[in-house]
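Visitor: From first to last, the protein sequence lines are chains A and B.
Numbering follows this note's numbering, with no gaps: position 92 of the first sequence is 92.
Count along the second sequence from 1, then add 1000; that gives the number in this note's numbering.
These aren't lab readings, by the way, just hints derived from the structure by calculation.
Each residue gets a CB set at the ideal place from its N, CA and C atoms; glycine is no exception.
Among the clues, some could well be false.
Not close to chain B: a few residues of chain A, all C-beta gaps over 12 angstroms, as computed [to be verified]:
#1 R4
#2 V71
#3 A88
Distance ranges between label pairs, derived from CB positions [as the list claims (entries may be wrong)]:
#4 A/R98 to B/T1459: 49 to 59 angstroms
#5 A/G78 to B/R1400: 25 to 35 angstroms
#6 A/R32 to B/A1008: 13 to 23 angstroms
#7 B/Q1018 to A/P84: 34 to 44 angstroms
#8 B/G1336 to A/A49: 25 to 35 angstroms
#9 A/P82 to B/G1388: 17 to 27 angstroms
#10 A/G101 to B/E1462: 55 to 65 angstroms
#11 B/Q1018 to A/E53: 30 to 40 angstroms
#12 B/D1256 to A/T69: 28 to 38 angstroms
#13 A/E81 to B/G1059: 29 to 39 angstroms
#14 B/Q1018 to A/G51: 38 to 48 angstroms
#15 B/A1008 to A/G29: 16 to 26 angstroms
#16 B/R1400 to A/R98: 28 to 38 angstroms
#17 A/G78 to B/T1459: 49 to 59 angstroms
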Amino acid sequence: MAERIAPGTLVEIQHCVLQPEERAPQVPGDTRQVPLEMRVKGTLLAPAAPGDEAGVLTPAGRRLRGTLTAVNPAYTHGFGEPLPELSAIGGEVRAMLRERGLIK
Amino acid sequence: MSAGDYAAVMQQRAAIMQGASGIDYAQYTTGALAFDYERLFTDTGHDVASAARVQRRTGVGETPLVELHNITALARTVASPGRGARILLKDEAANPSGSFKDRRASLSVHEARRQGYTGVVAATSGNYGAAVASQAARAGLRCIVVQEAFDSAGIAQPEIAEKTRACEACGAEVIRLSVGPELFYVALRVLRDTGYFNASLYSPYAILGIETLGFELAGQVRQLAGRFPDVVIATHAGGGNVTGTARGLAQAGATDTVMVAASVDLAGLHMASDHDFNRKSFTTGHTGFSMPFSTWPDRADVPRNAARALRYMERFVTVTQGEVFYATQLLAELEGMERGPAGNTSLAAAFAMAQELDEDRIIVVQETEYTGAGKHPLAQLNLARRMGVEVRRGDPRDNRPGERIVIPEHPAQLAVRDVELDHVRRSYLRNALASLPQGATLGEVDLDYLAAETRTSRTYVEESIDELRGTTG
C-alpha cells in the first residue's frame, strides 16, 4: 500500500474535465479520441496516497479535488544535448565577417 | 470541476465574459457588423501617456533599443552592393517577466484592481501568463492561468512547461490542460466560479498597453538617427502586437513607417490536434494563430477583439522554423544576446528584408523575449527529434512543419515569403459575410467599417463582396 502523504505537502492532482464523447464539436478526429485532462498543483488538505482522490489548496486559495498524481513534482524541462546543426553556425558566420576584416 | 456541461457553460459565455471584463461591449454596436472601434479605446479613460505612467510604476517599458552591428554587417555581406539596412532591436526581454507581454498585462491588472476585482484569470500558454502573474503579484491580486500544456501521452511542450514554472514562481495557480480548444470552456468556468477579472489578451487595455512600445521605439530611433524607422517588424499571432505597435507609432507621428507582420510558417499542422501539438516547435508567433486571427479577429475570449491586425499591417511575411533557429543562433553568437523565439521570428524576417533596402535605411525588430530552459532551440529541437521530426542543415525551402526542420547552411538562404494581403482581405470579408445575422443587410456604416477593417476602400469592399456573393451563390 502506497505511503500516505502529509497534509501541507505540495502535490499535483489530475482530473478528467471532458470524456472523449463530451468534447467540443470542432475538435479534430485525433483529439476527439482522448479526454480533456487537467492537472493543477496545490498543498494537500488531508492525508492521501498517490492514486487516491485528494483535495488541495491552490496558490489562488481555491480548494480543488482530483486524483493525486505527483508529490512535490519536479520541473524537468531543460535544454538537452548540444546539436551540431546549431553549434556550427557561429563559426561559419564569424569566418565570413573575419574574411572581410569586419571582426578580429 | 464536473464534466458534462460544456454546452451549458458555452451558452452562458456572453454573460460570464461581460461580468469578467468590466466592459459592456453591446453599447459599441453601430451596424449589422460594425462597432465603434475607437470608442472602445477612449472609454477606457487611458491613452498612451497614461498607459506609460501605469507601466513605469511596475517597472514595465522603457526598454533599450540595441543596434545589431554584426548582424547588419553579415546581411550586407550577402546583399547587393549598397543594400543592407541597419537592423535595430527593441530589447523587450528587459521587462520584469521577460517579454513585451508585461505591457499587455499591466493595464489589465491595473484596471482589475481599480474596479475592485480580487483576482485575475488569463487563458494563455505563453509569456502573457507569466506577465499577468507578475503584475498580479505586484498588485496583490490572486492569479489563475489556464494553459494548454501537454499531449495525451502526458508530454509537456517544453516552452509551456517553462511558462508553468514562471507563473508558479510568481504565485499563480496554473491549470494545465491537455490539447484542445475547450481551454476556453475551462477558463469560462473559472471566471464564473471565482468572479475574477478576465485579463484577456484582446481587451482594449491589453492593446493600449502595447501602444507604448510603438511610441517608445519611434522616439528612440529618432533620437539615434534623427528620423523615424523605415520599417518595423512585429511577430504576429493573435494580432495584438501588430495592432498596438502600429497605433503607438502613429501617435508618435511615425506615419510613414511601414508596419510588417511576421509569422513562423506552420502550414499543415492543426492547432487543435493532439498529434501535432508537440511537433510545432513554436508555441506562438506562427501562422496557426496569425491566419485565423487576421481573417477573423472576433474568435477571441472577448465579444469584440481590440487586436485587429489587418487594419494595420502593410505587409505580412512568413519565415520557416529553421530560419528562426538560425536567427536565434546569429543573435547569440554575433551580438551576445541569447533571446527567445518570439522576437527572433521577426529577426529572421528583418535579416532578409534588410537586404531589400539601402544601407541608410532603418529596420526595427520590435521585441525580444527571454530564453532559457524549455524555450531554447536545443530544448525544441531535441523534442522535435524525439517526436520523429527530422532536423538537418540545408535549404530552408525544404522545411516541412511537423516532418522536417531545415536549418539554413548559409545566411544568404534566409528569405521571407509574402502572404498575399488581398487573399487575406477576401478571407476576412468571406468570414464577415458568414457572420452576418440571418436576414440582416450591410448598411453604409458596415461598408465603411469593412473598408477600415481591411485597410482598403468602400469600392474594394463592395466589389469584393459582389464577387464573393457571385461565387457562393
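Visitor: Quick one: which hint numbers does this structure break? Sort them smallest to largest.
Guide: Violated hints (numbers, rising): 3, 7, 8 and 12; every other hint is consistent with the structure.
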